[in-house]
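Q: Sequence:
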Amino acid sequence: MSEADSLLPEPMPEQAGEDTYPFWTYHDLALFIGAALPSMLVALLAVRGLRYFMPMQGKAMEVLLVQFTGYGFLFLSLFALLKVRYGRPFWGSLHWRAASRSVGTCLMAGPLLAMAVGWTGILLGGPDVDMPMMDLLSDRRSIFWIGAFAVTLGPLCEELAFRGFLQPLVSRSIGPAAGIILAAVPFALMHGPQYGWSWRHVALVGLAGIAFGWVRHKTGSTAASTAMHATYNFTFFAGFVLSRGDLFRTW
Numbered sequence: 000m001s002e003a004d005s006l007l008p009e010p011m012p013e014q015a016g017e018d019t020y021p022f023w024t025y026h027d028l029a030l031f032i033g034a035a036l037p038s039m040l041v042a043l044l045a046v047r048g049l050r051y052f053m054p055m056q057g058k059a060m061e062v063l064l065v066q067f068t069g070y071g072f073l074f075l076s077l078f079a080l081l082k083v084r085y086g087r088p089f090w091g092s093l094h095w096r097a098a099s100r101s102v103g104t105c106l107m108a109g110p111l112l113a114m115a116v117g118w119t120g121i122l123l124g125g126p127d128v129d130m131p132m133m134d135l136l137s138d139r140r141s142i143f144w145i146g147a148f149a150v151t152l153g154p155l156c157e158e159l160a161f162r163g164f165l166q167p168l169v170s171r172s173i174g175p176a177a178g179i180i181l182a183a184v185p186f187a188l189m190h191g192p193q194y195g196w197s198w199r200h201v202a203l204v205g206l207a208g209i210a211f212g213w214v215r216h217k218t219g220s221t222a223a224s225t226a227m228h229a230t231y232n233f234t235f236f237a238g239f240v241l242s243r244g245d246l247f248r249t250w
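Numbering that gives the first Met the number 0 numbers the first residue of the sequence shown as 0 and each following residue consecutively.
The hints are simulated quantities; they were obtained by calculation from the structure and are not laboratory data. If a hint is listed, it holds; no wrong ones were tucked in.
Once the Cα atoms are required to be at most 20 angstroms apart in a straight line, the calculated SDA-like pairs of lysine to any residue come out as: (1) K82 / W95; (2) K82 / F72; (3) K217 / L206; (4) K217 / L155; (5) K217 / G91; (6) K82 / I32; (7) K217 / W95; (8) K217 / G174; (9) K217 / G205; (10) K217 / S101; (11) K217 / L168; (12) K217 / L111.
Here are the computed distance ranges between Cβ atoms for each label pair: (13) D127 / G33: 36 to 42 angstroms; (14) M189 / L106: 21 to 27 angstroms; (15) R199 / L241: 18 to 24 angstroms; (16) S242 / L44: 36 to 42 angstroms; (17) I32 / A237: 31 to 37 angstroms.
On a predicted model such as this, the values are computed, not experimentally measured, just so you know. Beta carbons: idealized from backbone N, C-alpha and C, even for Gly.
Based on the provided sequences and hints, a complete structural model is requested.
A: Structural data, given as structure tokens:
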């Protein structure tokens with residue numbers, strides 16, 4: 000048995016006798032990536048139109064609605080691809096196994112990962128940077144909506160895309176270690192604008208992405224990596240709120 004083979008998790012019983020996993024191709028990946036920009040543009044136009052009928056409460060609400068709606072259109076295209084082209088279920092194809100015993104463990108592991116990443120950031124040092132994301136955290140409604148999104152829909156959509164769809168495809172081609180790393184790279188770069196393209200912050204997000212990818216690989220469950228991602232985000236968000244005593248005086 001090769002070293003690469005030894006990294007592979009044990010197949011689930013229901014996988015025995017199935018076709019090679021993942022069954023999708025790089026052409027499907029290109030279609031998925033190509034659907035991202037149109038999905039976000041349609042979402043932006045839809046939300047801008049909605050403003051005339053429903054005033055937006057808080058600075059972040061419009062931004063989050065565009066992102067959430069765009070994710071909705073994007074994953075609708077992925078659902079259609081898996082269902083129409085291959086006749087496969089969406090959640091099962093992306094290995095969403097919410098009943099996995101590892102999900103509970105990963106919920107507890109998220110804060111530990113957040114602390115490890117935080118200490119790594121301190122060791123890296125460097126000056127504070129002006130992060131555009133902080134502009135959205137200036138009122139209580141925005142803080143609430145961003146916090147809610149950061150621990151629910153954000154981790155769900157990101158894990159389905161990067162660890163559910165991208166990572167298995169790359170792992171099948173060049174091995175699980177490369178799959179984990181190469182899925183973490185675009186994941187980190189996607190967060191670059193939020194942190195003003197600070198290389199330290201992008202690198203730390205990449206390290207977290209590698210941890211999520213390792214969990215997805217070892218457990219075989221995208222739900223497990225999503226659970227870890229959710230509590231990881233919650234830990235940082237809670238730390239931010241607690242460190243800003245002035246926020247409590249405005250609530």
